[in-house]
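S.K.: Bring the two chains, given one by one in their own frames, into a single complex with the hints.
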Amino acid sequence: MNIDEDRRDATGTGGGSEGHAAHDAELIARFVGGDATGRDEARARDLVASCPECAVLAADLVAIARATADLPEVPRHRDFRITPQQAAELHRAGFPSRLRRVLSGGSDRPFVPWQRLAGATAAIGIVMALVTSPVGLAALSPGHATLSAPGAAPALTSQGGTVGGAPEHVSGAGASPAAAAAARAAASAAPATVSVGSSGPTPSGVPAASPAGPLAQAPVAGSATSGPVAAATEGPGASMGAAGAGSTGTAPDTSGTSAGPSAGAVGPASAGAPEGGQFGSSIARARGPGSPFGPWEAWLVVAAAGGVGFLALHLAARRAA
Amino acid sequence: MEEVAQPVERPADPSRERDVRLARRAREGDLDAFNQLVEIHQNHLLALSTRLTGDVEAAHDAVQEAFIRAYRNLGAFHGDSFRAWLIRIAINTSTDILRVRKRRPSEPYPEREDEPWEPRDTASPDPEREAIRRAQSRALSAALGELTDDQRAAIVLYDVEGFDYPEIARLTGVSLGTVKSRIHRGRLALRALLEDSMELFRD
Chain G
68 MNIDEDRRDA
78 TGTGGGSEGH
88 AAHDAELIAR
98 FVGGDATGRD
108 EARARDLVAS
118 CPECAVLAAD
128 LVAIARATAD
138 LPEVPRHRDF
148 RITPQQAAEL
158 HRAGFPSRLR
168 RVLSGGSDRP
178 FVPWQRLAGA
188 TAAIGIVMAL
198 VTSPVGLAAL
208 SPGHATLSAP
218 GAAPALTSQG
228 GTVGGAPEHV
238 SGAGASPAAA
248 AAARAAASAA
258 PATVSVGSSG
268 PTPSGVPAAS
278 PAGPLAQAPV
288 AGSATSGPVA
298 AATEGPGASM
308 GAAGAGSTGT
318 APDTSGTSAG
328 PSAGAVGPAS
338 AGAPEGGQFG
348 SSIARARGPG
358 SPFGPWEAWL
368 VVAAAGGVGF
378 LALHLAARRA
388 A
Chain C
-15 MEEVAQPVER
-5 PADPSRERDV
5 RLARRAREGD
15 LDAFNQLVEI
25 HQNHLLALST
35 RLTGDVEAAH
45 DAVQEAFIRA
55 YRNLGAFHGD
65 SFRAWLIRIA
75 INTSTDILRV
85 RKRRPSEPYP
95 EREDEPWEPR
105 DTASPDPERE
115 AIRRAQSRAL
125 SAALGELTDD
135 QRAAIVLYDV
145 EGFDYPEIAR
155 LTGVSLGTVK
165 SRIHRGRLAL
175 RALLEDSMEL
185 FRD
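These protein sequence lines are chains G and C, in that order. First residue of the first sequence: 68, per the working numbering; consecutive thereafter. First residue of the second sequence: -15, per the working numbering; consecutive thereafter.
There may be inaccurate statements among the hints.
Partial pick of chain C residues on the chain G-facing surface, computed with a CB cut under 10 Å [what the hints assert, rightly or not]:
hint, residue
1, 25
2, 40
3, 52
Estimated spans, in silico, between C-beta atoms of each pair [claimed, not checked]:
hint, chain 1, residue 1, chain 2, residue 2, range
4, G, 156, C, 86, 27 to 33 Å
5, G, 364, C, 80, 46 to 52 Å
6, G, 368, C, 76, 38 to 44 Å
7, C, 8, G, 148, 16 to 22 Å
8, C, 118, G, 158, 43 to 49 Å
9, C, 179, G, 151, 50 to 56 Å
10, G, 109, C, 180, 32 to 38 Å
11, G, 368, C, 56, 33 to 39 Å
12, G, 108, C, 41, 40 to 46 Å
13, C, 41, G, 156, 21 to 27 Å
Since the hints were made in silico from the structure, they are not lab data. Think of the CB as a built atom: it goes at the ideal place given N, C-alpha and C, for glycine as much as any other residue.
Pulled out of the complex, with its shape left as it was, chain C reads as follows (with noise of 0.2 Å):
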């Protein structure tokens, strides 16, 4: 085979200082600046926190006490990366709902028919290219909620949030080998759990 896989290139945040603006602003008593940030982080939050509880509602509810907490707590901010901030946050709300979930397990995996984070109906110009999307979204979305919690939190920050090892290693509280082994190891896992629908991503 002559080509060879190459890494997965992520792009950089350009938006940091405006985002610590506005923090400040908002530390300042600014409502509006604070709410500009929630608009601004909301939807990638919800992602986020969607593909860590694998359940939309949950993750709506993580999300909620996830600005509350960062509005309670905007005092504390005082690093350079408010994104990170509010995504450590998140984890944490998206892991204590997660927790709660295990001690008291009321549905499984919710129904992949319903799946909410499938996209929206749009008009789109290729169905089957769509279609396929599609398929691709909810195979991909049962497989990440089979993974462990710690491979699938470490995936979706590098994989969906484009987050650095060392920044993953700084959100998670874990050294970076282990973060680069949960990466590794999570994606063979998900390769296993994908390999009766693996034709679906091959192109």
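Pulled out of the complex, with its shape left as it was, chain G reads as follows (with noise of 0.2 Å):
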């Protein structure tokens, strides 16, 4: 629609010269306003001079105007300052409301039921990730918490069997005292790892750390490196390596021939595991062995749900919004 078009909408008229009924009364009000420019504001001034009507429409509606400005203020009987406690109030409220305007793409509208479920999946998203993220795990493993510091070497020592961050790990019966040496060197070599635990009768001494899962799987030099010691990883406290003392790289004894009950079990992420650390051996026993996931793909896969459930919910609201 042109102007012309909205001229004749509004006032009923079109352009001519049949008397006042004729003339453009938004051309008056746009010249009134100080929008007419030009011819428009030539044609408006000569309507004005030659015709008293419109002469007479120009000057009402600058009287209305004034008369909208002048509008009498508005007795107020209510007192609109906050008071502290209603500030309190609304700060209480305020990380909840904040989060759901997120959300709700700055809506205040309430959710609509699909809305609530794409929240729910968003929901179940996050918890997830948070569960299977390093620190969830550690918190939720039992009998034993370790942290690796970021790009620590997977150098863990325990009594009756070593397993170093270095290439050449040692364990078990059979290993030269060279090897021990080897690994207690590299043990002692690697970078913070921080251990607590507790060592558990953990059958020790067996020949190989192999905790379960191939992602655990630990290069070890010496005797055999899997077979029935994998279970010897999996009580509380023994996979996470740090055995008797809790020792963290400094074991008193790596010659793996005492097969007593006080020696550590080479943990998953002790063992050597390159992906995930000791976060990875429970996401490895989690899984499956035939998982085409290793720990951290699972953990951007879960985190990846989270993120897609929130952005459908974030687009969801706005478009309902």
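M.R.: Structural data, given as structure tokens:
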């Protein structure tokens, strides 16, 4: 619709010269508002000067605008100031409402059911992402908690079995003294690894540290690397490796020949699993042997699910708003 | 006619920096600063809201809600005009209230005899002029109530609040041309509505 049609719609008149009824009232209104320029302004001036009714119209419009601007103040009978109590309540309600506004794309409108579903998906994803994060796994792991510094080589040493972060790992019977020494050196040279845990009566000294799952498979120098020993790593306090005194890379004895009950086992994280550290072990335990996902991939998938859910919720809310 | 109608002049707002300073303090937790902003803006916000809703009680509710929303969302204020930001919130709350009232119409337009937005009883030096002013106010308020919501908002923002076209376009989320059209058509509609009482407005 062009502007001439607009004018006709607004005024019921078109341009013309058959008296005031045919004059463009909106042109007069635009002129009064200071919005008529060029030819329009000239036409409006001409109309106001030549048509008394147009002149009255212009004067009336100015008078109405002035009267509107001069409308008296409205008597206020409420105090709109916010009291400290109200402020405290608003602050208490602040975080959820802010989160809600973020989720709802700035809208205050209530969520529709399918938005609730998207919200639930997002919440599940976020919780799963948190639970499967390294911190969450450390907190949930029974009997131990080990946090490795980022980039720390998985070097943990235990009595009776040592697996260093170095490429050469020595464990179990049959490990030569030289290999044990190398492991000791490797373990002590490994970057900081904090181990908190206890070693249960884990069979040790058995040849190899082989946690469940291929990801935790440690390269072992010496004798057997897998087999029934795997069970030894599953006990409480065993999997994270720190045995006995909970030492970190300072095992007093790495001969691996003492098949005593006190010997620590080599946990998955300490078993040189290159990805995910101890966190990988929990994932590895949780998943089946044929799972295509490694621990980090699994975590990323869960995090992505949460992110997609959150995004879906946000977009849905914006659309609804 | 010799005198050609001149465009209406509107005063500028010189207090933006003060508002921004107060808003910054309020965002840092200074409740007194926020309440100073409330005191500065509450009257004109109430006038705006009353003219938008056509109901004083509803306007009070809308302004209350506007200040609460403003307080909650102080962190979202990043502009240079706190007043414009506040007015945008008040327009939204007033529109929400209007929407609710349209869904659930409770009472017709308030009694004109008890029109609460009349001037306070003050000892006027010219009782006749004061009576005319009151009559003008009543007639104009009633006519404003008959406009479409969009036209009314545009006229109130332009003539009462003193915003210019670009500001109104930003506040209402429409184009400049639409703002102008609403104002001009709204004024023409007001004139048609006030046809019987136009003598009150003429000098």
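S.K.: Against each hint, give a clear statement of whether it holds in the structure.
M.R.: Each hint tested on the structure:
| no. | hint | result |
| --- | --- | --- |
| 1 | 25 | holds, 9 Å |
| 2 | 40 | holds, 6 Å |
| 3 | 52 | holds, 7 Å |
| 4 | G:156 <-> C:86: 27 to 33 Å | holds, 31 Å |
| 5 | G:364 <-> C:80: 46 to 52 Å | holds, 47 Å |
| 6 | G:368 <-> C:76: 38 to 44 Å | holds, 41 Å |
| 7 | C:8 <-> G:148: 16 to 22 Å | holds, 19 Å |
| 8 | C:118 <-> G:158: 43 to 49 Å | holds, 44 Å |
| 9 | C:179 <-> G:151: 50 to 56 Å | holds, 53 Å |
| 10 | G:109 <-> C:180: 32 to 38 Å | holds, 33 Å |
| 11 | G:368 <-> C:56: 33 to 39 Å | holds, 37 Å |
| 12 | G:108 <-> C:41: 40 to 46 Å | holds, 44 Å |
| 13 | C:41 <-> G:156: 21 to 27 Å | holds, 23 Å |
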